[in-house]
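Use these hints to put chain B onto chain A, whose structure you have.
Chains as they are written, first to last, in this note's numbering: chain A, 538 to 989; chain B, 538 to 989.
Any given hint might turn out to be false.
Same chains, same names: a pair is fine if it fits in one copy or spans any two.
[Claimed, not checked] With a straight-line cut-off of 30 Å between C-alpha atoms, the simulated DSSO-like cross-links for lysine-lysine are:
1) 892 <-> 808
2) 892 <-> 681
3) 611 <-> 785
4) 808 <-> 857
5) 808 <-> 646
6) 857 <-> 818
7) 857 <-> 912
8) 857 <-> 892
9) 785 <-> 892
10) 912 <-> 785
11) 892 <-> 912
12) 927 <-> 707
Note that these hints are calculated values from the structure, not bench results.
2 protein chains.
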Amino acid sequence: MSSYAEIDAYLDSHLDDSIAELSRFVAQPSVGAQNLGMQECAALTAEMLRKRGFATEVLPTGGAPVVFGERKGKGGKTLLFYCHYDVQPPEPLELWETPPFEPSLRDGKLYGRGVSDDKGHLTARLFAVDALLAALGELPCNVKFIVEGEEETSSVHLHDFVLNNLERLKADACIWEFGGVDHEETPLEYLGLRGICYVELSVETASIDVHSGLGGSIFPNAAWRLVWALNSLKGPDERIRLPGHYDKVRPPSARDVELMDLLPETAEVYKQQYGVQSFIKGLTGGAALRVEEVFTPTCTICGLTSGYQGPGSKTVQPAKASAKVDFRLVPDQEPADVLRALRAHLDAQGFTDVKIEFLGGEAPARTDPDDPFIKLVCDTAPEIYGKPMKLIPMSGGSGPNSPFVHELGLPVATAGLGYPDSRGHAPNENIRLDLYLKHARHMARVLLEFGK
Amino acid sequence: MSSYAEIDAYLDSHLDDSIAELSRFVAQPSVGAQNLGMQECAALTAEMLRKRGFATEVLPTGGAPVVFGERKGKGGKTLLFYCHYDVQPPEPLELWETPPFEPSLRDGKLYGRGVSDDKGHLTARLFAVDALLAALGELPCNVKFIVEGEEETSSVHLHDFVLNNLERLKADACIWEFGGVDHEETPLEYLGLRGICYVELSVETASIDVHSGLGGSIFPNAAWRLVWALNSLKGPDERIRLPGHYDKVRPPSARDVELMDLLPETAEVYKQQYGVQSFIKGLTGGAALRVEEVFTPTCTICGLTSGYQGPGSKTVQPAKASAKVDFRLVPDQEPADVLRALRAHLDAQGFTDVKIEFLGGEAPARTDPDDPFIKLVCDTAPEIYGKPMKLIPMSGGSGPNSPFVHELGLPVATAGLGYPDSRGHAPNENIRLDLYLKHARHMARVLLEFGK
Numbered sequence: 538m539s540s541y542a543e544i545d546a547y548l549d550s551h552l553d554d555s556i557a558e559l560s561r562f563v564a565q566p567s568v569g570a571q572n573l574g575m576q577e578c579a580a581l582t583a584e585m586l587r588k589r590g591f592a593t594e595v596l597p598t599g600g601a602p603v604v605f606g607e608r609k610g611k612g613g614k615t616l617l618f619y620c621h622y623d624v625q626p627p628e629p630l631e632l633w634e635t636p637p638f639e640p641s642l643r644d645g646k647l648y649g650r651g652v653s654d655d656k657g658h659l660t661a662r663l664f665a666v667d668a669l670l671a672a673l674g675e676l677p678c679n680v681k682f683i684v685e686g687e688e689e690t691s692s693v694h695l696h697d698f699v700l701n702n703l704e705r706l707k708a709d710a711c712i713w714e715f716g717g718v719d720h721e722e723t724p725l726e727y728l729g730l731r732g733i734c735y736v737e738l739s740v741e742t743a744s745i746d747v748h749s750g751l752g753g754s755i756f757p758n759a760a761w762r763l764v765w766a767l768n769s770l771k772g773p774d775e776r777i778r779l780p781g782h783y784d785k786v787r788p789p790s791a792r793d794v795e796l797m798d799l800l801p802e803t804a805e806v807y808k809q810q811y812g813v814q815s816f817i818k819g820l821t822g823g824a825a826l827r828v829e830e831v832f833t834p835t836c837t838i839c840g841l842t843s844g845y846q847g848p849g850s851k852t853v854q855p856a857k858a859s860a861k862v863d864f865r866l867v868p869d870q871e872p873a874d875v876l877r878a879l880r881a882h883l884d885a886q887g888f889t890d891v892k893i894e895f896l897g898g899e900a901p902a903r904t905d906p907d908d909p910f911i912k913l914v915c916d917t918a919p920e921i922y923g924k925p926m927k928l929i930p931m932s933g934g935s936g937p938n939s940p941f942v943h944e945l946g947l948p949v950a951t952a953g954l955g956y957p958d959s960r961g962h963a964p965n966e967n968i969r970l971d972l973y974l975k976h977a978r979h980m981a982r983v984l985l986e987f988g989k
Numbered sequence: 538m539s540s541y542a543e544i545d546a547y548l549d550s551h552l553d554d555s556i557a558e559l560s561r562f563v564a565q566p567s568v569g570a571q572n573l574g575m576q577e578c579a580a581l582t583a584e585m586l587r588k589r590g591f592a593t594e595v596l597p598t599g600g601a602p603v604v605f606g607e608r609k610g611k612g613g614k615t616l617l618f619y620c621h622y623d624v625q626p627p628e629p630l631e632l633w634e635t636p637p638f639e640p641s642l643r644d645g646k647l648y649g650r651g652v653s654d655d656k657g658h659l660t661a662r663l664f665a666v667d668a669l670l671a672a673l674g675e676l677p678c679n680v681k682f683i684v685e686g687e688e689e690t691s692s693v694h695l696h697d698f699v700l701n702n703l704e705r706l707k708a709d710a711c712i713w714e715f716g717g718v719d720h721e722e723t724p725l726e727y728l729g730l731r732g733i734c735y736v737e738l739s740v741e742t743a744s745i746d747v748h749s750g751l752g753g754s755i756f757p758n759a760a761w762r763l764v765w766a767l768n769s770l771k772g773p774d775e776r777i778r779l780p781g782h783y784d785k786v787r788p789p790s791a792r793d794v795e796l797m798d799l800l801p802e803t804a805e806v807y808k809q810q811y812g813v814q815s816f817i818k819g820l821t822g823g824a825a826l827r828v829e830e831v832f833t834p835t836c837t838i839c840g841l842t843s844g845y846q847g848p849g850s851k852t853v854q855p856a857k858a859s860a861k862v863d864f865r866l867v868p869d870q871e872p873a874d875v876l877r878a879l880r881a882h883l884d885a886q887g888f889t890d891v892k893i894e895f896l897g898g899e900a901p902a903r904t905d906p907d908d909p910f911i912k913l914v915c916d917t918a919p920e921i922y923g924k925p926m927k928l929i930p931m932s933g934g935s936g937p938n939s940p941f942v943h944e945l946g947l948p949v950a951t952a953g954l955g956y957p958d959s960r961g962h963a964p965n966e967n968i969r970l971d972l973y974l975k976h977a978r979h980m981a982r983v984l985l986e987f988g989k
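One chain only, chain A, in its complex shape:
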């Protein structure tokens, strides 16, 4: 019996055990934004690593701790898994069919908060470790797990943690926390993540709200100040007006455009799924839309709040106004540069009264599509998924991959158990058990081949 066959036999016969472990893991709430169950979940994560023989530490970060585990294997190479044990808040609770922290199995799917993002990824990878140990008696390579607790709250301490633990985290390659298949069941390989600089802009023009019959005539209006400040950042042409904002932007390479050309058409899917009538900048679809989706810096208002927001009218001039704004960054933009340029721009435009609160940032980072580790991850997939992985040069989203790429110097590959209806960050988050098993099989193969 080949190694693959032995591994698969183990996985097939122990799937229930792994799902039971995942269920216990999900039943332990770990909502970072609400500081709910974080220490308990870190301890449980450490326990799960220790029982596989990983030398495990729960390390302070200044926020939720990082759980780090390491187990030696046969070969000299080291594979690092990045996962996280924190989850998004479960609200709105009334939209869940079963309670978010009481995992429920139905129709081949497991439901619960964090079951996909990201607890299922961790347990599926530990399941692959179990299968390798059962089949081979040892791991084919050194394996490290870094499992953080602040991924859903902008990984604010992770960059420093990596910088302070370069030796501990030393590895040859990294598997990222997420991945999955698209609506055609094609497994996806994301080669990079955009960066982000998330800020809250706020203005306070008075100590209390004032009747608009008085204040509207002669006092500065916080909401107007905010509107004008925002308008100075970007106009309807969608061009971000921070001086130098595009200076470090690297346009997509010929290879990137070639890969984007191979991706499926998305325009009609988006229109139906999100109810949008049209796209910005006159885009209508095709590779141009896909390139715009990931290779362009953005400035997005995520929220606005000021004054009276109830039904009907209230004649009040607001004393305070604020906006949540995210800047998505592409290589080689840096969040610190954006923050500096934003302050200088607002001051230059006369908006010294607009305060900036930095709510989190990450630099963009990418892995070469032709890196040997990407090839290894892709080459091990078709046997499991029945088709090759699709290379996506960049994700529109963001994540803390920059220190792994730039400080640890690792190729970072995505692979996972997600699918288009996983509902991460939303009610009724779920995973498909068939994809859970496939991901464990894939990870076992990656570890085996990587160790050769």
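Positioned in the frame of chain A, the structure of chain B alone reads:
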């Protein structure tokens, strides 16, 4: 004993009765915005008029009914009182020292929602009627009361009601719902009210909020659309950009400026009371600030709402955004013109996606400072207040005086029992009993002199 002395003797000896009647009136909630107790309060208002011998009707308007009462008097002239029985919502309840609908007397003040705005004005005027009937056995002139139930919700049906009841409401002069003394105990005569056009602007760009890593790159953002549309209405120069918006504006007359010059300095008072650092347009104080405060059209953002407004960050592109905006109007601007210009302007600027909901409007209206009725109201005040009334050419606020001035052709005078700490629209609304008595005395004199 002179008529004045007899009247005052009645008022002095019956103040407790009138305050008891006011307390029963206040104890009947009548929150228009919450449709709470409106029919009951209209019935109670009618009962209060009927027991003074007023021929009283409760008349439908399409919204809360109007209570109309009429009683013939000795002379041929008719004085019309405009009051309202509806009140502002009492929230936030936790800030009230005693419950808003359980009137409480302490330290010479009566506390409760509506005790000043506007129930106390109605009962003080009925108290004056009682005194005249007791002293003279009849009223010195015809007296009409129009008591509406939608003043706090933009008097949406009042203009049409006046147009449909011109004969019923026919009169020779009108006393307005409010008035009072300033911080120097000087009684104020407001000669006009600005108009208003209150709208909600809203944009919907998608059927659901979208992750900003996707939507922020290629979908139209509702919050950005709203910001750009608002910015097109007014820039930091405070000039309203609707075409033709200033065409019908009548600048203050020499007499207006003369009157504004006589008013006290307000700059430092405002800075202390509202915590503002400076005024718009480089204004620093003096008559220029006072003129700006009331004689300039305004465009005020009263509220903004879109997307995520909680703590920390959420990377979401909002599907919806909306703003509450009020335009204060000066003679001879009209709300219908503003609505038309706003739609045309938004369309011309490319904001056909921005919807306008009209939430209420009133035209501005003023009474001539040298009208004989104004002189009568002013001439009867010094004996009571110990000093002359101060003429204020215009209030910065708005109200439905336009149909009374323009359709019924009446001079409209303000006189009332308010004072700077009345807390109308706020928790712990209150009146001072000494000012209540003074207002009743003043109204009795106005009725007596008007009938001569």
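Comparing the hints with the structure gives:
1. 892 <-> 808: between (36 Å within a copy, 21 Å between copies)
2. 892 <-> 681: Classified as neither; 42 Å inside a copy, 55 Å across copies.
3. 611 <-> 785: neither (43 Å within a copy, 88 Å between copies)
4. 808 <-> 857: Classified as between: cross-chain Cα gap 16 Å, same-chain 36 Å, threshold 30 Å.
5. 808 <-> 646: within (28 Å within a copy, 62 Å between copies)
6. 857 <-> 818: between (33 Å within a copy, 20 Å between copies)
7. 857 <-> 912: Answer is neither: 53 Å inside a copy and 43 Å across each miss the 30 Å cutoff.
8. 857 <-> 892: Answer is both: 11 Å inside a copy and 25 Å across each meet the 30 Å cutoff.
9. 785 <-> 892: within (26 Å within a copy, 39 Å between copies)
10. 912 <-> 785: within (29 Å within a copy, 73 Å between copies)
11. 892 <-> 912: neither (47 Å within a copy, 52 Å between copies)
12. 927 <-> 707: This pair counts as within: shortest intra-copy Cα distance 28 Å, inter-copy 81 Å.
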